[in-house]
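Peer 1: Residue numbers (the working numbering), protein chains in the order written: chain U, 1 to 593; chain D, 594 to 946.
By construction, these hints were calculated from the structure, which means they are not laboratory data.
A few of these clues could be false.
Unchecked claim - Straight-line alpha carbon distances no greater than 27 Å define the calculated DSS-like cross-link-like pairs of lysine-lysine that follow:
1. D/Lys703 x U/Lys109
2. D/Lys918 x D/Lys905
3. D/Lys905 x U/Lys109
Keep in mind that this is a model prediction, so the values were computed, not measured.
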Amino acid sequence: MAAPKKGRRPTGAQGRPGRALAIILIAMVALTVGMFISKQTTPRLGIDLAGGTSITLKAKSEPGKENAVNETNMNTAVGIIERRVNGLGVSEAEVQTQGRDHIIVNIPKGMNEKQAREQVGTTAQLYFRPVIAFADGAPAAPEGAQSPSPTASGSGAPKAQDGNKTSPSATPSSSATSQGRALSEGLKAPNAPTPTPSASESKKADDKAAPSPSASAPAPDPAAADLQAKFAALDCTNEAQRANVGKGVKPTDPTLACGQRGEQWGKWLLGPAAVEGKDVKSAKGEIDPQSGQWIVTMNFNDHGADAFAKVTGELAAKQMPQNQFAIVLDGDVISDPSVSTAITGGNAQISGGFNQQSAQDLGNMLSYGALPLSFQEDSVTTVTAALGGEQLRAGLIAGAIGLLLVVVYLLVYYRGLAFIAIVSLLVSAILTYTIMALLGKGIGFALNLPAVCGAIVAIGITADSFIVYFERIRDEIREGRTLRPAVERAWPRARRTILVSDFVSFLAAAVLFIVTVGKVQGFAFTLGLTTLLDVVVVFLFTKPVMTLLARTKFFSSGHPWSGLDPKRLGAKPPLRSSRRTAGAPAPVEAKEA
Amino acid sequence: MSKLGDLGAKLYRGEVGYDFVGKRFLWYGVSILITITAIVALAVQGLNMGIEFKGGAVFTTPKTTSSVAKVTEDAEKASGHDAIVQELGTGGMRIQISGLDTDAAADVKKELATDLKVTEADINADLVGPSWGEQIANKAWTGLGVFMVLVVIYLAIAFEWRMAVAALIALIHDLTITVGVYALVGFEVTPGTVIGLLTILGYSLYDTVVVFDGLKEGSKDITKQTRYTFSEIANRSINGTLVRSINTTVVALLPVAALLFIGGGFLGAGMLNDISLSLFVGLAAGAYSSIFIATPLVVDLKEREPAMKALKKRVLAKRASAAAKGESADDAIGSGDEPQVVSQGRQQPGRRR
Chain U
1 MAAPKKGRRP
11 TGAQGRPGRA
21 LAIILIAMVA
31 LTVGMFISKQ
41 TTPRLGIDLA
51 GGTSITLKAK
61 SEPGKENAVN
71 ETNMNTAVGI
81 IERRVNGLGV
91 SEAEVQTQGR
101 DHIIVNIPKG
111 MNEKQAREQV
121 GTTAQLYFRP
131 VIAFADGAPA
141 APEGAQSPSP
151 TASGSGAPKA
161 QDGNKTSPSA
171 TPSSSATSQG
181 RALSEGLKAP
191 NAPTPTPSAS
201 ESKKADDKAA
211 PSPSASAPAP
221 DPAAADLQAK
231 FAALDCTNEA
241 QRANVGKGVK
251 PTDPTLACGQ
261 RGEQWGKWLL
271 GPAAVEGKDV
281 KSAKGEIDPQ
291 SGQWIVTMNF
301 NDHGADAFAK
311 VTGELAAKQM
321 PQNQFAIVLD
331 GDVISDPSVS
341 TAITGGNAQI
351 SGGFNQQSAQ
361 DLGNMLSYGA
371 LPLSFQEDSV
381 TTVTAALGGE
391 QLRAGLIAGA
401 IGLLLVVVYL
411 LVYYRGLAFI
421 AIVSLLVSAI
431 LTYTIMALLG
441 KGIGFALNLP
451 AVCGAIVAIG
461 ITADSFIVYF
471 ERIRDEIREG
481 RTLRPAVERA
491 WPRARRTILV
501 SDFVSFLAAA
511 VLFIVTVGKV
521 QGFAFTLGLT
531 TLLDVVVVFL
541 FTKPVMTLLA
551 RTKFFSSGHP
561 WSGLDPKRLG
571 AKPPLRSSRR
581 TAGAPAPVEA
591 KEA
Chain D
594 MSKLGDLGAK
604 LYRGEVGYDF
614 VGKRFLWYGV
624 SILITITAIV
634 ALAVQGLNMG
644 IEFKGGAVFT
654 TPKTTSSVAK
664 VTEDAEKASG
674 HDAIVQELGT
684 GGMRIQISGL
694 DTDAAADVKK
704 ELATDLKVTE
714 ADINADLVGP
724 SWGEQIANKA
734 WTGLGVFMVL
744 VVIYLAIAFE
754 WRMAVAALIA
764 LIHDLTITVG
774 VYALVGFEVT
784 PGTVIGLLTI
794 LGYSLYDTVV
804 VFDGLKEGSK
814 DITKQTRYTF
824 SEIANRSING
834 TLVRSINTTV
844 VALLPVAALL
854 FIGGGFLGAG
864 MLNDISLSLF
874 VGLAAGAYSS
884 IFIATPLVVD
894 LKEREPAMKA
904 LKKRVLAKRA
914 SAAAKGESAD
924 DAIGSGDEPQ
934 VVSQGRQQPG
944 RRR
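My request is simple: use the sequences and hints to build the entire structure.
Peer 2: Listed below in C-alpha cells is the structure:
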C-alpha cells in the first residue's frame, strides 16, 4: 500500500537504545550527586515564595548623559548598593542588574521593608566624621600591640612625608583668599571671608610614611579601647576585612573605615558622624579662578551649615590628624581634608592635589552619593513569609493536580504507552529539579512564582512531544506495520515535528528572557529550560525506551492495554505483511505520496 | 476510548473528516466576527489595567476581623486615594490603592496596620511606581515584535513563507481574541497577564507547527500525482493530525486549568491566576486558529501558485474523464467540497516561489 517499495526498510536509527539510556542515566545520577555534594538539595526560593522584600530600581537617564547608563556604571551601582544593604547586617541580600537599566534588590525576610528601602534608596550614605586616628592600611604588627592607648605624637610625620604636591596645611592662607572668590561665584557669598578647609586629598604615592598610629584616645572607656584594638588589627589591604569594616555601625557611633590614598590603603578611626550627606545641598569640582587649581566646593543646608561650623570649629583647634575630618561614603573614606578654622556660612571648599577627574568625581559623590547613576524605584514588593509559603503551596498543589490530570488523560487515551510518557515526564521532572537546585548556587537562579508557573505549563509542552511521537507510531501501525518498524519509521517524522515546535517554543522563551525584567524572566527561564530538557528526554529517553519496549511481547503483540492494539487503532488487515496490498485505498497513498 | 481510537483511525484514513478547508469561509467569517467584537470591546470598554500599570500599592493583610467596607474606609482615609478591597479565601484582605506614591506607601501601611490591629510586618506590600507597568508593556511589545520577526524568518526557512504568513496571522488572531476577552469580561490586566499573553506566542505556534508539519509532509510530492488538489490534501492533513492536535491541546490545557483553579480558588487573586487565565484563553484560541484559520490560509495562498493551479486542472480533468467513463470518482475526499475547489479557479495568477 503506502510504499510497497520502501517496505520495511531497516532503519539504522534503531541504533543503540542502551547507550542513549546510559547517557541520560549518568546525567541524572551526576546531577543528583552534584546536588547533594553542593548541599543544594532544594532550589533557592525567590522572594515571593520565601518572603522578603524585592525592590526594582530603574536607572534614570539624565538629559545630556544618556550614555551614562552603561554596563560599567550599572555594575558599579550594584556593588555599592550591595554594600549598603549587606552593610546593615542583613546577609544574603542579593543585588543584580537585569536588562539594560534595571537593578533588582532582593532582601530576604528578617528586615523591614522601610529600612531596606532607605538603604537602597537614592540618597547616598555619606557622612562627615572627625578623624581620631589614621594609619597605613596594613596592620603594623609590633605597634599593633601598643596602640590601644597611643599618644598624639608625630602628627608632623605624615605631613612631612607628604612629599608630592599636596601639602595640605601649607595652603591655608592662599586658599583663604581664593575661598572668598570661589564662594561668591558659586552660591551666595557669606559676608565674612570663609577660611578653607584646605584639603589633603593626599596623593601620597610614597606611603612608607606614617605607620605610626597617631591617635589620642580621649576617654579610654572599654568600648573605645575595643575599637582601638580593632583599629590596630585592621588590615585594609585585605579585601574581606575591607568589606566588613564598619558594618552595621550607626552613624552616631565611632567607627573604623578604610580608604585609598593614591595607590595605598589607609585606615581611619573615626568619631561619630558630625554632618550627614543629605545636608550637602550641592557640591561640584571646579577650577579655582584664583589659583587655577581644581577644587571642590560644597554648599550645605541650614542644618548642615550649623553642624559643619560646629565641627570645623572643634577640629581647627586640634592637631594633625585630629584636625581632619573624613568624608565617608558607603563605608569608604573618600577624602580627609584638614581644617584650620571654623567654617561658617554653609559654604566650603576643599583644595589641594586635585586634578579635573578627581575633583569632579568627589563633587559628584558629594552631591549624588557614590552611585554613578540616579535611580528611581519602580516597584517594591514585600511578601511575608506566611504569604510566600502559601503561594509556594498553591503552586505545588496546582502542579500536582495538573500533572495528575495529564497522567489520567494519557492513561485513558494511551493505556500502556502512557507509562512511557509518565516515566519520561518523571525523568524530565528529575532533571529540571536537580538543574534548578544546582543553578541556585551556580548562577543565582531563584525559583519564584512565575517560574513555578512556567514549570507547570511545561508539563503540557513536554507531554505534547510524547503525544506527537505516539500518534506517529499509531499512524504507522494503522498503515499495517508491526510495532518495531513502526517505532523506527515514526521516529524521524515525529522528531522533526518535535524539534520544530520545541524550537518555536524555545525561541519565545529566549526572546521573553532577553527583553523582559524581573518576574517575567523567571518564567521565561523555566520555560526555556524545560523545553530544552524536553528535547533531551525525548531523544535520550522516550525514543530508546520505545525501541526497547517494542521488543517486548506486551507491546509488540498489540495487547489491548498496550495502547497499540492494531484492531483498536483500525489498522488495515493483513497486519503483518504490509508488502501485499496492491489495491490499497487511495487516501493513504496521497498521504504518503 | 476505543471509539475515539476508531475515530482517529477513520480520520487518518480519511473515511470521516470535517471539511475544514472547504468551509473555511465560514470559519474566516466566525473569526472576523470574533475579532471585530474583540476590537470593539477593546475600543469601547478598554482594558481594566491593574495597579501595576497605574502605579500605586497593593497591600495584602492576614486574616482580620474587619469588614470589607470598614477596611475600604480605613484605607481611603489613610491614603487619601480610592481603594479597592477584596476579601481573600484566607480571610485576609487585598487592598488596592491606585495613584499612591511609593514613598507615601510606607506611612499608609503603618496606619493600616494600626487600623486593622495587625503588625506591620504581617502586611504584604506591593508598591509600584507609575512607569513600571508601562515599561513592562513596552518590553512586552518589543518582545512581541522581535519574536514575530524571528519566528516568521524561521518558519519561512523551516516550511515556506506562506505558512509563516499564515502562522503569523493566526498568532495575531489569537492575541486579539485573548485581549478582547479581557476587555469584554473586564479581567484585570497585570504583568502576570502579559506573561501569559507572551507565552501564548510560543504555544499557539506550537500547535500550528504540528499541523503544518503534517501538511508539509502530505504535500511533499504533490505535483507528481493527479488524484488530489492542494486543498484536498491540506484538508486531509488537518483531519489526519486532528487527534494529535486535540490531544496536545487538552494536555497543554489541563495543567493551565489546574493553575487557574488553584490560583483563583485558593489564593483569590495573584500571579498564578493572572498567568493561567490569559494562557487558558490564548491556548483555546490557538488550538482553534491552527486548525480553522492557519491551514486554510495556507491553502488560499498556495492555490494561487501556478503549479497548484495546473495541478488542480489536471486533477479535475482526470476526474471528469473518469466520470465520463462511468467509473466512480475517488471516494476518499468528501465530494462535497468539490464546488468549493472549483470556485477557486477565479483567483488571479500568484507568484511562484
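Peer 1: The structure should be examined with respect to each hint, and the outcome stated for every one.
Peer 2: Against the structure, the hints come out as follows:
The hinted pair formed by D/Lys703 and U/Lys109 meets the criterion: a straight-line CA distance of about 18 Å does not exceed 27 Å. Restraint check: the Cα-Cα separation between D/Lys918 and D/Lys905 comes to about 20 Å, which is no more than 27 Å; the hinted pair holds. Between D/Lys905 and U/Lys109 the CA atoms are separated by roughly 70 Å; this puts the pair beyond 27 Å, and the hint is violated.
Of the hints listed earlier, the one the structure fails to meet is number 3.
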